[in-house]
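First to last, the protein sequences are chains A and B.
Note that our numbering has the first sequence beginning at 10, numbered continuously upward.
Note that our numbering has the second sequence beginning at 10, numbered continuously upward.
Everything labelled a hint here was simulated from the structure, so no lab data went into it.
For clarity, every value in this text was computed on a predicted model and none was experimentally measured.
One thing to keep in mind: the hints can contain errors.
No copy is singled out in the list; a pair is fine if it fits within one copy or between any two copies.
[To be verified] Derived lysine to aspartate or glutamate pairs resembling EDC-like cross-links, with alpha carbons at most 20 Å apart: (1) Lys129 / Asp442; (2) Lys129 / Glu119; (3) Lys129 / Glu86.
2 protein chains.
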Amino acid sequence: MARQSHRFLATAALVYLTSGPAAPSLSAQPVESIAGRYRAAADRIIAAALGDSSAYERLTQLVDQFGHRFSGSENLELALDWILAEMERDGLENVRGEPVMVPRWVRGAESVELLEPRHKNLPMLGLGGSIATPHGGITAELLVVESFAELTERAAEARGRIVLFNAPWDGYGPTVQYRGRGAIAAAQVGAVASLIRSVTPFSMNTPHTGAMSYSDEVERIPHAAITAEDAALLMRLQQAGERLVVHLEMEAQTLPDVESRNAVAEIVGSERPDEIVVLGGHIDSWDVGQGAMDDGGGCVAAWEAVKLLKRLNLRPRRTVRVVLWTNEENGLRGGTAYRDAHRDELDNHILAIESDAGVFEPTGFGFSGSEAALEMVREIATLLVPVGTVTVSRGGGGADIGPIMREDVPGMGLQVDGTCYFWYHHTEADTIDKLDPREMALCVAAMAVMSYVVADMDERLPRD
Amino acid sequence: MARQSHRFLATAALVYLTSGPAAPSLSAQPVESIAGRYRAAADRIIAAALGDSSAYERLTQLVDQFGHRFSGSENLELALDWILAEMERDGLENVRGEPVMVPRWVRGAESVELLEPRHKNLPMLGLGGSIATPHGGITAELLVVESFAELTERAAEARGRIVLFNAPWDGYGPTVQYRGRGAIAAAQVGAVASLIRSVTPFSMNTPHTGAMSYSDEVERIPHAAITAEDAALLMRLQQAGERLVVHLEMEAQTLPDVESRNAVAEIVGSERPDEIVVLGGHIDSWDVGQGAMDDGGGCVAAWEAVKLLKRLNLRPRRTVRVVLWTNEENGLRGGTAYRDAHRDELDNHILAIESDAGVFEPTGFGFSGSEAALEMVREIATLLVPVGTVTVSRGGGGADIGPIMREDVPGMGLQVDGTCYFWYHHTEADTIDKLDPREMALCVAAMAVMSYVVADMDERLPRD
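Next comes chain A alone, as it looks inside the complex (with noise of 0.2 Å):
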């Protein structure tokens, strides 16, 4: 489907080049005019992007060399020296990391068994910032749910025993909040230790982890993900009479916080420098797989995408910053740091983009700011007819650069083909493989089209 797909699009570029404008109109009104001046840079950017796999060879020497990321692990940290030294081996401008002290949840031994009516070992991931179980594990009765509601009419039988949360996949809005608030939703009902059905729409007897929530209200329990099909198989046993007993064991510590930093490089702008236009993802990924998929494929996108406007020697007249957060998955420190250590600048940030859904096929951008800026952009995307990322829906950006749109800087996501992203989402199937050399090149494409035209172009980016 992605081949033909791309067929497609190369015949609706050819379309495009032949059909339009032979050179940009200078009586046109200035809101069509981006897309005419731009034209040019944008076919020469599309071009390099598509001209090599460099990107794909980045991302795979970056999680070859140095695997998954997690916060507060050796592995991030080189990862990040090697980063630093390899942007300044780009000529990227002001490289520096930018220290921000991260959480450090480590998640040592853990096992599910399953012991009556049969003894059956549960593949499973510890929750982020779960706590342990005691010391020799937690043997205790399962009760099987549906829901939160389902729980609550169960509220009774809940009391000393696991509740499992076997919640169908209903989006990951809906289904993760299983994985955020289980933990306390058991233990409002007394029980001892909560289990998920891990949140995917597709299991190959995989478990997801990810983050949790305590609240201070209730005793905190140990919470954790089981796969789908053996949430799937305790629901039928218990629908079937049988008494189900686990034994749960975790080892999972939260250690003091570790300083760990914020990738930064820069293209200085020639004219406005203090203007900025931001664009990244996020470095540290769960300490499961590689974290190809979330977020390196996001952070080398972004990273090639100002490479490449260096290397075509296209400094826009405002300053273009790659930034690679830290600690996305378990905290969002990062984005937050970043928020803080850049306060003064908030007003001359332009645009802030993010890639954290994967770099697979792009589709377009979710844009959330002015309706002036929107058609803005919109018009500018129409120079992606060639990459087909020519939508720009309303609404959308990313969770690290969430804090700096909180505070008004408009803010973009890239949006890509979503069909696989929750099979592989915080597994150990998240790896290099998934991902396809092309469509990551194309996703560079895009981030470096949009934002070389926001940074350069006359019109300021307008606000409300």
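Once you've looked at the hints, dock chain B against the given chain A.
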């Protein structure tokens, strides 16, 4: 896609049923008349098979209650006890377990770790029949090759090393050679152990087990499968010039053979009880997952097909016999023992049908037998237009019926949509949730119609 295709088939069936002859024509040619004579019975069978989810429910009960069913395991024998009791309850005739001595390979603890250039646990499954490593394991440099040919070229580098065959998926037949013969080829060039990329087109960090061979000509060395992701990673690291060191530990043991059983049940033929149509699958599985797809589904589909005839009071003139063969996966002892125990009957085995490709949406049958018989079964298959299994291609059968096919029994294999079969094959992800109740019911219908008509029709399916 499956749903759409069902709609199409329903429409096709309607056209077929309304535009066909109103009643069987007595003047029609004999070969054409089979479909006419059996249309009403076939439609009854199909309607009954699609009228409930009993096959899927029975399979769920089997796999949830007993889990995987590896040769030599208690699970397998407990499952067989339950199956034989259920077959009696179904009212089937001559229900019995026919004894078969089977190998008993026990996996034990096992692991592979990458030690250099950085530590990484490599999920793995030892291959069935492999020897153990020495106590404490083997630590050695790794040599990654992509083919037997490359190993031959690099033979000088293999001595004292662990060889990894990172053979890309090229279809099951070619790729499984590395699982089957990898340990022999690696030992021939002096390797101390061998690993393979799991035999699969798709991976979620999923190791796949399966059978392997040794040769008496060369030393036996441990042989195991790692994931496609890790095999690719190790190859990339080798290409990047890294020295790779891995530690392999396996406690696998081959214990003395133990007794298992082929489960057999019949509807005895009303006129020619000595003539037999046999259908079935293999009840053993690998020691991972639930063996739901491979081949619990095939077993239950055949069993339910025969139960359906019983329920509809469709006693054919010949005997219909369901056999759930044991030990297909790592020995084929069930199929061989069946041949030996029934040698005197083989001339009267009219047809043998196996379902061992998963009970996904059926697409047809493969048939191995005479041209005249192929024409007849093609005629019968036209009765399956409502089910979609109208194609009968030349060639086909199954592993368990292979031994009797080599004694000239005509053989047939149920063919199904194979898109995902090798995703789950021999893995922890071969679980009931991968199957669909309606698709499984379609398989039951196809097996029931084909076996009933062949067992009942005037014509004896001709051999060459």
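Against the structure, the hints:
no., hint, result
1, Lys129 / Asp442, "between (31 Å within a copy, 17 Å between copies)"
2, Lys129 / Glu119, "both (15 Å within a copy, 17 Å between copies)"
3, Lys129 / Glu86, "between (38 Å within a copy, 18 Å between copies)"
The structure fails none of the hints (numbered hints given earlier).
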